[in-house]
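Trainee: These are the residues of each chain, in order.
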Amino acid sequence: MIEVNNIAKKYKGAKKPALNGITFSVGKGVTAVLGRNGAGKTTLMRILSTQLTPTSGSATLDGYDIINNPQKVREKIVSIPQEASPIGILTPLEHIIIYLSARGVATSDAKKAAHRAMKALDIDDVANKTTDELSGGMKRKVFVAMALASNAEVIFLDEPTTGLDPISRLEVWHAIRALKGTVVLTTHYMEEAKELAKDVILVDNGRIVARGTIEDLLYKYRNLVRIEGMKVGKNWHKAGTFYISYVQKSQADKYVGKNVTIKKFDLEDIFIMKGLGGNISQETESSSGDWE
Amino acid sequence: MRANTIWAIGYYYGWGSIKRGIPYTLMTLLMPLSLLFIFGLISGSGLAGAVGGGDLISYAILGGFISIVAGNALSTMSDASFWRLQLRIQDLLVATSMTEVEYMLGLGLSNIIFSLPGLAIYVVIAYSFHIFTVLSFVITLAILVAMAIATTALAFILSSIPSHMRNVWGMSGVLSLALTLVPPIFYPYTLLPKPLLYLFMLSPATPAAMLVQGLAGLQPLYLPAFYVLVAETLAMLWLAKRFTKWRQD
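In order, the protein sequence lines correspond to chains H and G. Those letters in the first sequence? Residues 1 to 292, by our numbering. Those letters in the second sequence? Residues 293 to 541, by our numbering.
If you are wondering where the hints come from, they were derived from the structure by calculation, not from laboratory data. Using N, Cα and C, we set each Cβ at its ideal position, and we do this for glycine too. Hints may contain errors.
[Said to hold, decoys possible] Covered by chain H, per the in silico footprint, the following chain G stretches (three or more residues, Cβ under 8 Å):
no.: 1; stretch: 307-316
no.: 2; stretch: 372-380
no.: 3; stretch: 383-393
[Claimed, not checked] With a cut-off of at most 20 Å between alpha-carbon atoms, the simulated EDC-like pairs for lysine to aspartate or glutamate come out as follows:
no.: 4; chain 1: G; residue 1: K311; chain 2: H; residue 2: D132
no.: 5; chain 1: H; residue 1: K264; chain 2: H; residue 2: E215
no.: 6; chain 1: H; residue 1: K198; chain 2: H; residue 2: D266
no.: 7; chain 1: G; residue 1: K311; chain 2: H; residue 2: E133
no.: 8; chain 1: H; residue 1: K72; chain 2: G; residue 2: D347
no.: 9; chain 1: H; residue 1: K231; chain 2: H; residue 2: D253
no.: 10; chain 1: H; residue 1: K76; chain 2: H; residue 2: E3
no.: 11; chain 1: H; residue 1: K238; chain 2: H; residue 2: E228
no.: 12; chain 1: H; residue 1: K263; chain 2: H; residue 2: D253
All chains, full assembly: derive it from the sequences and hints.
Mentor: Next comes the structure, spelled out in structure tokens:
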């Protein structure tokens with residue numbers, strides 16, 4: 001169980017805080033922290049995994065304070081950094097043994113745990129190949145295998161599939177589904193959050209802009225549709241500035257044949273509306289502003 | 293401090309680097325072997341007497357031992373920087389109970405292991421030229437270990453400074469020259485004026501070379517160098533613990 005209470009972080013010399021009063025709690029299962037690049041996701045992960053001290057606020061992990069009792073917290077967590085890459089000349093087996101040794105596991109136990117984890121993730125056949133020989137997806141699976149082998153209660157995965165091709169991403173998703181306990185993953189891929197998490201936390205500009213299960217969030221906006229197209233002034237055109245607007249389903253007919261695409265409301269739309277600070281109106285069309 | 297943690301990094305990274313990177317292992321031998329070859333030619337030509345160098349081959353062999361160990365210990369800087377900046381492995385490990393000293397000693401041990409093939413070649417050469425007695429060889433090994441720890445700690449401190457790998461490569465090139473070639477490793481330490489010798493003693497390779505040259509009977513045994521080496525080893529370890537950027541704060 002992770003409880004985060006009003007965490008804020010302002011880096012030295014930065015004009016704006018990276019995190020601006022974040023409060024939430026998560027239990028078992030996968031929670032996705034969703035946000036654009038620079039939203040504050042990685043800062044949050046680093047604070048929760050005891051790598052960074054917040055400017056203010058507090059957080060506990062299974063009752064242990066992350067600031068005052070980081071050693072206890074570290075015994076319970078695995079934190080896989082964003083864009084982590086394996087050491088090319090080492091094998092997956094060697095990576096997992098080194099990682100488990102860093103956690104204080106004896107080498108013989110680490111070997112057994114490594115093989116179990118690799119078998120569960122279907123990478124046992126490449127256990128003794130150097131990671132230089134593996135695909136991008138397999139390389140990321142090595143890190144997921146570390147998490148699985150560690151048997152940690154809480155696992156932080158910071159953008160685990162960034163930069164991967166679609167097939168490799170599917171492979172990593174498959175691996176993440178094998179993880180037990182509390183998993184907090186950050187991503188900017190909507191479909192990744194939908195595939196892996198029941199619970200999502202939408203973060204933008206260092207604040208939580210929405211929180212809930214995917215079903216609940218979508219239910220809340222069930223009467224909206226998304227209109228997207230080019231605008232010149234107030235009129236939709238074939239060319240112009242790209243706009244996204246949200247209107248009542250009942251008004252969608254008005255937009256047919258107006259150089260716009262009408263789309264079903266989806267998770268990313270909450271993110272777009274809240275993230276860009278657009279006013280949400282269920283009565284009239286409301287612009288969400290420029291969207292590049 | 294957990295020996296198992298240090299051993300895991302040291303053994304797997306060190307041994308993995310040898311068995312999967314033979315050309316790179318051999319590359320670390322190029323400079324000392326080249327110097328040995330050149331010194332051998334000079335000795336054979338009778339030029340040695342002209343330059344006043346005495347037994348140049350002995351210096352080249354002893355220098356080779358120090359150069360291999362110090363050079364590989366310095367490469368901890370590239371390894372630690374690469375693991376931190378490019379691979380993000382340091383970020384992975386700081387969220388465990390591993391300490392910065394365990395991490396540093398693990399990388400240092402890997403580089404000592406990586407030095408072993410080169411040292412083995414030099415042991416054979418040294419044996420052929422009757423450089424050591426058994427006792428002086430054992431003491432030399434202890435000196436090399438102390439120097440490796442001090443140099444590794446220095447390299448580890450410096451590894452946390454650069455924010456781009458390009459700067460790491462530049463720094464390690466300069467350091468390699470300043471710490472393993474310019475100091476009196478391949479030539480008698482008595483050739484240096486005292487002020488310059490004291491300056492060069494800032495590099496752990498210098499007191500190590502002075503002791504090794506003394507043990508081999510090539511130069512007078514200068515015992516204060518032993519205290520300097522021990523002090524530098526302890527000081528570097530303390531500085532590494534104090535100043536290395538480990539966690540983000």
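Trainee: Taking 20 Å as the top limit, are the C-alpha atoms of K264 of chain H and E215 of chain H close enough?
Mentor: Roughly 14 Å between the alpha carbons, so the hint for K264 of chain H and E215 of chain H holds.
Trainee: Does D266 of chain H lie within 20 Å of K198 of chain H when you go C-alpha to C-alpha?
Mentor: Since the Cα atoms of K198 of chain H and D266 of chain H sit roughly 15 Å apart, the hinted pair holds (cutoff 20 Å).
Trainee: Please work out if K263 of chain H and D253 of chain H have their alpha carbons no farther apart than 20 Å.
Mentor: OK: K263 of chain H and D253 of chain H at ~12 Å, within 20 Å.
Trainee: Is the hinted pair K72 of chain H and D347 of chain G satisfied, with a Cα-Cα distance of at most 20 Å?
Mentor: 59 Å, violated
Trainee: Sort out whether E3 of chain H lies within 20 Å of K76 of chain H, counting only the CA atoms.
Mentor: Within the cut-off at roughly 15 Å; holds.
Trainee: Compare the distance between the alpha carbons of K311 of chain G and E133 of chain H with 20 Å, and conclude whether the hinted pair is satisfied.
Mentor: Holds, at roughly 16 Å.
Trainee: Given the hinted pair K238 of chain H and E228 of chain H, is their Cα-Cα distance within 20 Å?
Mentor: 11 Å, holds
Trainee: Do at least three Cβ atoms from the stretch 372-380 of chain G come closer than 8 Å to Cβ atoms of chain H?
Mentor: holds (count 4)
Trainee: Cut-off 8 Å, C-beta pairs, minimum 3 residues; does the coverage of the stretch 307-316 of chain G by chain H stand?
Mentor: Per the Cβ count (4), the hint holds.
Trainee: Checking one constraint from the list: CA of K231 of chain H to CA of D253 of chain H, max 20 Å. Satisfied?
Mentor: This hinted pair holds, its Cα atoms lying about 18 Å apart.
Trainee: Does the alpha-carbon distance linking K311 of chain G and D132 of chain H stay inside the 20 Å limit?
Mentor: 15 Å, holds
Trainee: Mind checking, does the stretch 383-393 of chain G have 3 or more residues with a CB under 8 Å from chain H?
Mentor: holds (count 8)
The structure fails to meet hint 8 from the earlier list, while all remaining hints are met.
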